[in-house]
Every structure is written in C-alpha cells, then in structure tokens.
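*Asks:* Going down the list, the sequences are from chains L and E.
The working numbering puts the first residue of the first sequence at 1, with every later residue one more than the last.
The working numbering puts the first residue of the second sequence at 1001, with every later residue one more than the last.
By construction, these hints were calculated from the structure, which means they are not laboratory data.
Just so it is clear, the structure is predicted and the values come from calculations on it, not from any experiment.
Any given hint might turn out to be false.
Pair ranges (Cβ atoms, derived) [claimed, not checked]:
1) Gly207(L) to Ile1159(E): 25 to 35 Å
2) Glu1324(E) to Gln236(L): 23 to 33 Å
3) Ala18(L) to Leu1197(E): 24 to 34 Å
4) Ala1315(E) to Met79(L): 44 to 54 Å
5) Phe33(L) to Trp1157(E): 21 to 31 Å
6) Phe225(L) to Leu1148(E): 29 to 39 Å
7) Gln1316(E) to Ala89(L): 51 to 61 Å
8) Gln28(L) to Leu1148(E): 21 to 31 Å
9) Lys1006(E) to Arg310(L): 45 to 55 Å
10) Leu1201(E) to Ile14(L): 47 to 57 Å
11) Thr86(L) to Asp1007(E): 24 to 34 Å
12) Phe33(L) to Ala1158(E): 42 to 52 Å
C-beta: ideal position from N, C-alpha, C; glycine also.
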Amino acid sequence: MRTKDLLIKNAVPIVFAALSILLVVASQMDPLFLLQEVITRLSRNSFLVLALIIPVIAGLGLNFAIVLGAMSGQAAVIMITHWMTTMPADNTMLAIFRWQGGLGGFLFSAIISAPIALILGWLVGKTLNAAKGREMITALMLGFFANGIYQLIFLIGIGTVIPMTNPRMVLPGGVGLRITVDLFNPVGRPIRSIGGALNNLILPRIGMIRIPVVPLLVVAGLCLFIYFFMRTKLGQQIRATGQDMYVSEVAGIKVNKIRVIAVMFSTVLAAWGQLIWLQDIGTLNTYASHEQVGMFAIAALLVGGASTKRATIWNALIGVVLFHTLFVVSPVAGQRLFGQSQIGEYFRVFIAYGVIGLSLALHAWRTKKL
Amino acid sequence: MWKNLKDFVLGLGIPRLTIIGFLGFLFAVAFATGLAIPPLIGDSLRRVGMAGIMVLAMLPTVRAGIGLNFGLPLGIVSGLIGALISMQLDFTGFFGFFMAVLLGIPFSVISGIGYAWLLSKVRGQEMMVGTYVGFSSVAFMSIWWLVLPFTHPEMIWAIGGSGLRSQLSLRNHYGQVLNNFLSFEIGGMAVPTGLLLFFALFCVILYYFFRTKAGLAIDATGQNESYAIASGVNTKRMRTIAVVMSNVLGGIGIVAYAQSYGFLQLYTGPMFMAFPAVAAILIGGASLRKASVTNVVVGTLLFQTLLTISLPVTAQVITGDITEIARLIIANGMIVYALTRGSGKGGR
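Could you put together the complete structure from these sequences and hints?
*Replies:* Below is the structure:
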C-alpha cells in the first residue's frame, strides 16, 4: 500500500524518467556525452528553476514573470560588458571587473541587477495582487508586455535616448544593441566580459567530464538558503499565506505585502539565475535569451513533480535532470527513430508546453473536486 | 448631453484613451509629413478584414462566462487542416476557399468538443489552461505537419520529398479571392470589399445568434449560472456550444487571414495568434465578462489601424522598426490591464 501511494504521488517524475530512459536507449547516445550535458545543464539552469519555488509556496502559482528577473540580469550584463569593453586600460574599476577572470564583473552585475529586479518584482507583485485568482495568466502576459518595453529600451532607446557608442555592442547604424553580444573570454586574451566567470574558477576533469564546481556550489547554497529561509518567521508567513489567504489575514499577516515580498525574492533570484546561465552560455542573445526562461524553468519544475500549489527543492533538481535529459536526447532519438531530427525538436517543444498545460489542467481539476 | 459625453470618455478607461490618442497623434504626424493617407486606410481595412473573424471568436466564450479564449491556436490549427486538404485536392478560386472553410469545420468541431470538456473540468482557470492548450496544440501539430501524407508538390519540401513547408503559397489556389471580389479603388484607397463583406457576414450572424434562444441561454449562463439553471438552461451544454463556436470561428478566421496574406503559415506560425485577437476585443471595450459585436468591430478597427500606420509613420521620424514593439506593448499591456480589472469570478 505504501509503495502504491508513493508511486501515485510521484507519478509525473516516474513517467518522465521512463520516457527519458526509453529515448536515451533509442538515441544510442554516448552515455559520457550525455552525462556531461546533464551536469552542465544542472549547473546552468537549476538556479532559475529554484527561483520559482517561493511564489508557489506563497500561493501565487507558477511565476511566469521571472522573465522580468532575467531581463534585469541581462540589463546588468549589458552595462558591465559595455564598461569592460570601453574603459581605458588603466582604469581601477576595470581592474576590479577583470579580477579573477571576470569574477569581479560577475559579482558587480549581480549587485547592479538586484535593485532593478527588486523594483520590477515589486511592480509585478502589486499587479498580481490586483489579479487574485488569475495570477499565472497575468504573470505570463506581464512577461510578454515587459518584453516589449525591454525591446523598446535596447533596440530603439540605445543610441537615441541613451547615449552609447561601442561598435562591439551597438548595431552598425548606431541605434540599438546587436542581436548577439559576445561574453566569452578566450584563454590568453584580455577579459572582455563575464563569460565563464564562475565556470572557469574551478573546472576539474574527471575522466572526460568537466565539472563546473562553483555554479554547482552556488546552486547548493541556494537550496540551503531556501530550506532555512522557509523556517524563519517570514518564511512561515509566506507558507501560511499560500495555504489560506483569509485565515492568514485574520491571524494578522499582511497577506498582500507577503505576496509582494515573495515575488520580489523570486525576481531577484531569477536575475542572478540568468547571470549564471549567461556566464555558462557565453553569448547574450540580446532579444531572445530571456524569452524562453520562464517556460523552460516552469516545465522543468513540473516534470520534477511540482504542482501549482506545491514545489520543493527536490522537485526542482530532479526536474532539471529529467527535463534536460529529454531535451538533449529527443532530437537524436527523433533522428534515429524517424530519420528526421526535426520531429524530435518539435517533440521536445511539445513536451515543454504539454507538461505545463497538463499540470495546470490536473491541478485545476483537483482543486475543483475538493 | 455634456454629462453623457463625460461619462462615455471616462468609461473608456486610461488605456483605451491612450490608444485613441496615440492613433490620433500618428494620423497627425502622417498628415504633417505629407504621407499619402488613403493607401494607409486601405491597408488598414485589409488588415481589419484579415483579423476580424479571429477577434469575433472571442465573443462566444466571454458571453458564456468562460473568459477570453486564449486557446485560439487550437481552432487555428484545426482550420489549417481544412485549408491544407483543399490545397492538396487542387481546388482553386472561390470553390477552393469555401472548401477550405467547410473541410476545416469538422476538425474544429471535434477539437472544440474536446477543448470544451477540458475547460469544464478546470473552471476558474480556463484562460491559463487555454493558453497552454493553444501552445501545445501548435507544438503537437508541428510534429504532424512533418508526417502527414500530403503529396502536392507545391506543399511539401522540394528536397527530401516529405513534410509540409513552413509557408505555403496560395497564389495558384485561393489566394486573394475574397480580397479581389468586388474590390475597388477610391483616391488611392483600395477597398477589399469581399473580405470586409465576409467579416460583416459573421458579425451579423453572431449578432442575431445572440438574439436566438440558444444565444440568450449562453448569455444567461455567463451572467448568472444558478439563475440560468433555475430557468431550465443546460449550462454545461451552452458552455460547450460557446467553446465549439469560438473554435470554429478561429478555424474560419485563419483561412480568411491566409487567403489575404497569400500564405498558409504552419509550424510555429499560429503560436502567438491568440494575443492580438484578445487584445483587439479588449481595446474595443470588452472586459473578461462582457463583450459585444460592437466591441469586436471597434477594437479590430482601432488596433489594426494602429499597427498598420505605425510603421510608415514612425519610419518618417525615427530609424528602426517600432511596429513589432508597439504591438507587443499595446496588445499585452491591454491584456494585463483587463486581467487586473473588474469582477473576475477567479477573485474568490
């Protein structure tokens, strides 16, 4: 009986684990290559997925608006990269930015992005409070809306309202940022930006596999932080708000304020998560890097067995491993099984959207039954 | 009189006033910089006709109390199947167009019934679930576009010989048939009469539908469910009818859209098509709970005119394409505004 309960409770991750194993077998992929990919992606994406947990516990559902956090992170990266590529060589700030292979610049962008993310998070929280019961769709639309503002600032604003001359980053016409900005720091060349700032600090090799130790440690640190934070007074208030807003209000918790705080936390974490993601990728797709952040993070969390009401650290970590295994192997499996890798590509997009849709539907269904 | 006008203006709300103001401003700039305005209006009319039916698809679900149909892409991909079959069978001209519409309807009805069933299970979260039903149906059909056994050489990839192309030209089939029907030009303004008539036809049908017994029952379901049940309305059935209607209109809408655009867009093409339609009806004065044919017509006119004229007008003043950005900000801003407003039943 206990085993049966356990199976039912973890049905989603079990199904996806089975699917992953099937596809891994079908793809006949080199297991070492796959392991490398999964470890890289675990270090790259976990922080963003973990950023979703607090709003879920606060009862706001899946925070699609972490896109705004990602934008704050990117704004900071754009500033830092601009300074690092234009400052005169004898500038002290530049020396700080270049400290430890760009770690200084990375930490500095973390500091700059925080206030931006806090302000945006506050705005998102206020908006979501005005749309109680419809938080998720509102957050999703807010993400799209913010994307418009983001493009307005960086595609039209740069070079017209915001003075910026930097041929490395600005489009040839002098208006708007380039579609891609290179953050990568090749070995032996001067450090230009934050690419690899965390990864390259300690990068041991075990056999053929490179392990980015520092990002993994940061993720572990965040897990611990969330674990202990949820046991503080504020954490308990967040949990109570998520369980029942009205009871909490009566018990003297300022529910609206708590909800805004939860969103602000999530937004700042998302900004830092995006920084970790970008330093790993090494290229900023100025107008695209942030777009899919919300969807992929949420899909990963749900694959890990979370719902719109319940999410744990383990859901996030297991979800990242399973979702990204699927992500890596499905084009290869599509190629092997159907002779078309495109089928696999569309299949993984379908999985990402489908798992979100299914989980939302299942959850809404269950709540209705209660 | 003065008070009525004041009430009317205040009732429009800040976003709508901003949009109307912005539109007026764009026209003023166009006039001042000597842009030829009639072609712009002609273009706007064409785009109103293209988008109109998909905006109309929002009406039944709002009236039935389900909210805005963010799952519109489901109807769109169903309609696309009909359009593809008509193309495969080499139907051309008006016959091709109407066959595309008719062949799509069974698919939209079937998928609509399934969609309605799902929505009935997720009351209160219809819009969120709908959004992802739309997204996943587009992703799901992308797989099928690759494997369905279409063989017409104009439809499949020239290299490899299988899988549908991402853009199918309708030039040799039924492209522009509605647009060219009875079209005429006045002072540089091309009027796509057939397209506008087609849109108007559906407006009239929906207008009168909501005066029939079934239409009133849908209204009653949306306004006060327990009252509707008490007066003997089968609310579950009414909600299903509304969703199926919306889905079918989405399917017809995409065929009308594609014949004017000249291409069928497959794969990720329909992914984000629900949002402009949702935004348009909201700009026209609808809310999550109330909408009318007038809202649809006014909203589509305002939104599409704004999108059409913003590119040539802003190009006169600044460099860079601001249309896409304006579309993102206006459409999504309007939707966020509407979501934070009013007495949604989701408010618990």
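*Asks:* Hints first: check each against the structure and report whether it holds.
*Replies:* Okay, the hints, checked on the actual structure:
1. For the pair Gly207(L) and Ile1159(E), the supplied restraint of 25 to 35 Å is violated, since their beta-carbon distance comes to about 41 Å.
2. Remark: the range hint 23 to 33 Å for Glu1324(E) to Gln236(L) is contradicted by a beta-carbon distance near 45 Å.
3. Against the hinted window of 24 to 34 Å, the Cβ-Cβ separation of Ala18(L) and Leu1197(E) comes to about 55 Å, which falls outside the hint.
4. The hint said 44 to 54 Å for the Cβ distance between Ala1315(E) and Met79(L), and at roughly 30 Å that hint is violated.
5. With their beta carbons about 30 Å apart, Phe33(L) and Trp1157(E) fall inside the hinted range of 21 to 31 Å.
6. Between Phe225(L) and Leu1148(E) the Cβ separation comes to about 50 Å, which falls outside the hinted range of 29 to 39 Å.
7. The hinted window of 51 to 61 Å between Gln1316(E) and Ala89(L) is violated, with their beta carbons roughly 43 Å apart.
8. Here the CB-CB span from Gln28(L) to Leu1148(E) is close to 28 Å, well matched to the stated 21 to 31 Å.
9. Roughly 50 Å separates the CB atoms of Lys1006(E) and Arg310(L), a value that falls within the hinted 45 to 55 Å.
10. With their beta carbons about 52 Å apart, Leu1201(E) and Ile14(L) fall inside the hinted range of 47 to 57 Å.
11. At about 56 Å, the CB distance of Thr86(L) to Asp1007(E) disagrees with the hint of 24 to 34 Å.
12. Between Phe33(L) and Ala1158(E) the beta carbon distance is about 34 Å. The supplied range of 42 to 52 Å is therefore violated.
Against the hints set out earlier in the document, violations occur for numbers 1, 2, 3, 4, 6, 7, 11 and 12.
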